[in-house]
Amino acid sequence: MKNADKLTIALAQIAPIWFDREKTLAKVGEFITDAAKGGAAIVGFGEALVPGYPFWIEYSNV
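Going by our numbering, the first residue of the sequence shown is number 215, and it counts up by one from there.
FYI, nobody ran anything at the bench for these hints, they're computed from the structure. A hint or two may mislead.
[Unchecked claim] Label pairs and their computed distance ranges (CB to CB):
| hint | residue 1 | residue 2 | range |
| --- | --- | --- | --- |
| 1 | 248 | 271 | 44 to 52 Å |
| 2 | 269 | 223 | 43 to 51 Å |
| 3 | 274 | 218 | 13 to 21 Å |
| 4 | 220 | 271 | 20 to 28 Å |
| 5 | 221 | 271 | 19 to 27 Å |
| 6 | 219 | 239 | 29 to 37 Å |
| 7 | 265 | 219 | 34 to 42 Å |
| 8 | 275 | 251 | 22 to 30 Å |
| 9 | 260 | 219 | 44 to 52 Å |
| 10 | 273 | 218 | 21 to 29 Å |
| 11 | 274 | 243 | 26 to 34 Å |
| 12 | 227 | 271 | 37 to 45 Å |
| 13 | 258 | 231 | 35 to 43 Å |
Glycine included, each C-beta is placed from N, C-alpha and C at the ideal position.
Let the sequences and hints guide you as you build the complete structure.
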């Protein structure tokens with residue numbers, strides 16, 4: 215298989231910076247840059263990463 219026939223995909227499982235969309239987006243940008251340096255053409259992230267879903271709030275008494 216030639217290099218032109220290959221597609222490198224990176225999957226990132228990272229936590230957001232809770233309640234801070236801008237910092238989370240900066241973190242995502244860093245991971246995209248690192249993945250691209252490693253040869254990734256596509257980078258996938260979890261669906262609730264931005265703006266972050268604080269799942270534990272459902273279990274609080276607040």
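* Which of the numbered hints are not met once you compare them with the structure shown? -> Hint check: 1, 2, 3, 4, 5, 8, 9, 10, 12 and 13 fail, others pass.
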